[in-house]
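Order-wise, the sequence lines are chains V, R and S. If you count the first sequence from 1, position 106 lands on 106 in UniProt numbering, and the numbers rise without skipping. If you count the second sequence from 1, position 381 lands on 381 in UniProt numbering, and the numbers rise without skipping. If you count the third sequence from 1, position 58 lands on 58 in UniProt numbering, and the numbers rise without skipping.
Because the hints were derived from the structure by calculation, they are not lab data. Built from N, CA and C at the ideal position, the CB exists for glycine as well. One should not assume that every hint holds.
[To be verified] So, partial list: chain R residues that the calculated Cβ filter (under 10 angstroms) puts toward chain V:
{"no.": "1", "residue": "120"}
{"no.": "2", "residue": "124"}
{"no.": "3", "residue": "128"}
{"no.": "4", "residue": "129"}
{"no.": "5", "residue": "130"}
{"no.": "6", "residue": "178"}
{"no.": "7", "residue": "190"}
{"no.": "8", "residue": "360"}
{"no.": "9", "residue": "361"}
[What the hints assert, rightly or not] Quick look at which bits of chain R chain S covers, simulated, 3 or more residues with Cβ under 8 angstroms:
{"no.": "10", "stretch": "54–65"}
{"no.": "11", "stretch": "204–218"}
{"no.": "12", "stretch": "226–240"}
[What the hints assert, rightly or not] Here are a few chain S residues that sit away from chain R, every Cβ distance over 10 angstroms (derived from the structure):
{"no.": "13", "residue": "65"}
{"no.": "14", "residue": "84"}
{"no.": "15", "residue": "94"}
{"no.": "16", "residue": "112"}
{"no.": "17", "residue": "176"}
{"no.": "18", "residue": "179"}
{"no.": "19", "residue": "181"}
{"no.": "20", "residue": "212"}
{"no.": "21", "residue": "214"}
{"no.": "22", "residue": "218"}
{"no.": "23", "residue": "249"}
{"no.": "24", "residue": "260"}
{"no.": "25", "residue": "265"}
{"no.": "26", "residue": "284"}
{"no.": "27", "residue": "286"}
{"no.": "28", "residue": "295"}
These are the residues of each chain, in order.
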Amino acid sequence: MSSDSSASLAARLRAPFEGPNTIGNSNGFWASFGVAVLLLAIYPVLFGPYAAATSSVFLVYALLGVSLCFIWGFCGILSFGQVAFFGVAGYTFGIVAINLSSYTGVTLGIVAGIAVATLFAALLGYFMFYGGVRDVYVTIITLVVALVLHTFLGQTAGSEWAVGEAALGGFNGMVGIPDLGVGVGDVGITLDGAMHYYAALAALIATYLGLRVLVNSQFGYAMVATREDEARTEMFGYNTTFIKFVTFTIGGALAGLSGVLFVTWGNYIDPSEFAITAAAMPVIWASIGGRESIFGTIAAAIAIQWLELQLTGEWALVIVGSLLIIVMLAIPKGIAPGIRDLIVALQTRRQEPASDSPAPTEEVSD
Amino acid sequence: MSYPSISRRRVLAGGTAGALAALGGCLEEGGVVGGGNGNGDDGPTIGILEDRSGEFALNGTSKWQSSLLAVEEINENGGVLGEEIEVYDPDPQSDNQRYQELTREAINSEDVDALWAGYSSATREAIRPIINDEEQLYFYTTQYEGGVCDRTTFAMGATARQQLGAVIPYMIEEYGPRIYTIAADYNFGQISGDWVRILAEEHGAEVLDEEYIPLGETDFGSTINNIQGEDPDFIASMLVGDSHTNFYEQRADTGLDIPMASSTTMAQGYEHLRVEPPALEDMYVGVNYMQEIETESSQEFVDSFYEMFPDADYLNQEAQNNYFSVHMWADAVERAGTFDQEEVIAELESGIEVDAPEGTIELDPATHHMTHHMRIGHADENHEVTFDEEQYIEPSFLHEVGCDLTSESEQTQYEPEEFYDAI
Amino acid sequence: MALYELLNLTFQFLDSFAFIVLATVGLAIIFGMMGIINLAHGEFILVGAYATTLSFNLLGVPLVLAMLVGIIATTVYGIILERLIIHRLYGRLLDSMVVTFGISLVMIQLTRIVFGNSLDQIGTPFGGISYGVYSYSAYRIMLAGAAILTLAALYVVFTRTTFGIKARATIQDEETARSMGVDTDRMYLSTFAIGSALAGLTGALYAPTITMSPDLGANFLVEAFVAVVVGGPSVLIGTSLAGGFLGTIDAIFTYVGGTFIGQVALLTAAIFAIRFLPDGITGLLEDIRAKRREAQ
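Throw the hints in and build the complete structure from the sequences for me.
Below, the structure written as structure tokens:
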């Protein structure tokens, strides 16, 4: 096989994942993507299954961050309530899996968790977008929804708040949630410890690649157009309300997936997942990493959560808060777009005019 | 601050070179780059995960401080089995997810020999699945709703039954049988409310009404009106947290002078020192320890605590529980002759006594709870605290439900509503 | 008897109304006039409350003077923050949310490091008003008066003074205002200072009634946000009407079903209000006015 044809094969393979709406489209980007995946894949080998089990949750958080990055960065909808879908999926998984304590139950629980979160997001999205709620008001409604769930679940301590065997548990949370697994009846595999890590990693990579395809498709163009100028997109014949509704629902489904992975990690969920501090975290990851870069959001979520765990003294929160302020002031778009701009600037200086170098991926705004 | 810093193990310490040779079939044994159980032989470590920031910092800080005091005393006296104890003590920031991460870290990377963790019941329930999975020896030291029957968990605090069992009958006798319950609207508050009912029935009293108030509520105007409408003989208050403290201020402000019985105030969040008198006038609290207790053992403890932490806010009952349980653990290790957790648990279950600041107390082998010296602490109009009616109360509820961890290993939490008709 | 219960309900409403209006007004000005979502609003209130309590406890000044110290401290603090950070965020609505969240984290933890987990609390003045078997805190009822006075004062400042007219012109059309000779930079700074002063006032007024801990700001944040959104674009009228609407819901549902039902009702009402009045109550009023004009 000649190097020529293999290069074109690679290009053809890459084609669906690339386009003007994603930041990394160069050989260099895909090489570093490969390295990142490889590093994440051998992490459990290098540091052991215990470390993998501890770190698994970072990947879960990254997926939650992605669910926000997708709707905010690409369609301009800032939801402060991704944790609502995350938590609802977690509780749903718990209810199903605790009641049907078998592999069937766990498998059904995964499906049910994601389905309920998706449905909930669809309902809320319908309620908001078809009711003409927009911009910052969407942000506040989603936040208030999360806070309502926080207040409501906080007082569900009594035995009257149980669904079958599964007690909602109030402020103390739902306990005894089974591990992740797939199978029917007694036949199946349990994905705990390092296996949970790999399951989360697989979900994250699949989501990442899937979203790249989506945002570079016709629908993705419509999403970005809606973000840039909703009125004009509407005039071109697009149903922007429907676009926002679908985008928001997909975001809810992804948050639901991360919620299921989350409760199977800690075998536990409590209402603090819906509190304002938890709700702010996805916004922080996407802001720091760059909300228009899925890769950047993933990296930021993992890095920030890891950093938080390492900082143990009384100054930890001061450092995290200051970092947030400094990054947002210094690089308003976030780190990943900042790096992209830097690379583009360097390239154009070196070889102007940029002939066959990868086109500077500025968005076509307006 | 003026306390000696305690060295903390670094996760990545240890020879990477030798470990690299083992690349490959190492998934069973921790990784090739440090971590794992690489800390097996460089001395004992205990994990102290107590909140120094976030919602529960007010209660958690002194728990952390008194644990360090106990460790320092032990190390000054030659350590345990001749070895100095090291401490793994990151700040969990009152965040349950962080608790879960740190608990895994403590067990898997730091390989702690015993773990003290958490103020709230929610935190305990968040980390108990991990602790159960890893069969980690765990001490939970907060006064709590009671009922945890768990093979590797040792509940050091007084339970609702012990605290309310001391104070409610006392109040019925002193003030009369008509009770109005206000409690935080979550597991602890609701179960405490159930206990008030059970105790009321046992002593021929009556609960006029119960009001459960969401955590974080600050406005008690309607609650006070409701209480005034019922005019009870005393109020049973199981309010929790900073926001709820506003109730006492508003009670004084509106001139509501009905006495109060409580299991939550003063001995944890030192409301009697923070809120201007006479907000807590005629507050009666069932406690096993407060720094105001004037016995010799208590005052010695108070002195050495403030000597090590001159800027500390208050020495609460949980801090005392952390302090005596670290000593009790060290004692059990000495007797077992090993840090092996199973053998230490067996030693604890053989029946152990400890000279705590509250008095000499013993561990109940069957339930892993303590028999406590319960007192009634009373605040007067200047918030001076005096004590009355000392009783030695054992953890009877778990006996009644048949929890016997010496013969049967369980990992459950029993609730009173399953066993009493009064609810 | 029924009369007394009606009084209970009225007082609870006034209490709730005052709380919502005072919690909201500073946030509403900064959001409505400057397009900054200040997630650190609660911590501005914290500055006011701490400065009041500390000057009362340590310096022994009278309460009113201590409150004045609280307001001034918060204003100065707001001005410093505006110069250092906030002025870079104009026109970046959502970014401002993230940055101010960072500010809030830093402030809470710094307060904890410097002042510890709590301060001794000032007692509430004035005692209670008794009627029948009931009584209600006189101070908390008085706060309703303070809330109305604050709104009235702001109304005068923003509609009757040159400063107010310049400030509103800047907010409506910065370019034009600048070309007319208005120092728009200073207008932004002054508006932010007023917003901060109002947060400081809230902290000062509530200092004798709430527990002094570093996270006390969280008590105010939710109500403030809900009321800002329900109120809509016209800051002062919006805040008053939102306070009235949400205060009524809160008082009635708390009265009927207890504090939990009251909280849930408040939040649910807010969701429905936003859904059916996407531009808030004042947006609805604008619509009605526009329609009436068309009809004429």
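Taking the hints in turn, this is what the structure says about them:
no.: 1; hint: 120; verdict: 8 angstroms, holds
no.: 2; hint: 124; verdict: 8 angstroms, holds
no.: 3; hint: 128; verdict: 7 angstroms, holds
no.: 4; hint: 129; verdict: 4 angstroms, holds
no.: 5; hint: 130; verdict: 7 angstroms, holds
no.: 6; hint: 178; verdict: 24 angstroms, violated
no.: 7; hint: 190; verdict: 5 angstroms, holds
no.: 8; hint: 360; verdict: 33 angstroms, violated
no.: 9; hint: 361; verdict: 27 angstroms, violated
no.: 10; hint: 54–65; verdict: holds (count 5)
no.: 11; hint: 204–218; verdict: holds (count 7)
no.: 12; hint: 226–240; verdict: holds (count 3)
no.: 13; hint: 65; verdict: 18 angstroms, holds
no.: 14; hint: 84; verdict: 24 angstroms, holds
no.: 15; hint: 94; verdict: 25 angstroms, holds
no.: 16; hint: 112; verdict: 6 angstroms, violated
no.: 17; hint: 176; verdict: 44 angstroms, holds
no.: 18; hint: 179; verdict: 48 angstroms, holds
no.: 19; hint: 181; verdict: 47 angstroms, holds
no.: 20; hint: 212; verdict: 8 angstroms, violated
no.: 21; hint: 214; verdict: 8 angstroms, violated
no.: 22; hint: 218; verdict: 8 angstroms, violated
no.: 23; hint: 249; verdict: 14 angstroms, holds
no.: 24; hint: 260; verdict: 5 angstroms, violated
no.: 25; hint: 265; verdict: 12 angstroms, holds
no.: 26; hint: 284; verdict: 28 angstroms, holds
no.: 27; hint: 286; verdict: 32 angstroms, holds
no.: 28; hint: 295; verdict: 44 angstroms, holds
When each numbered hint is compared with the structure, violations occur for hints 6, 8, 9, 16, 20, 21, 22, 24.
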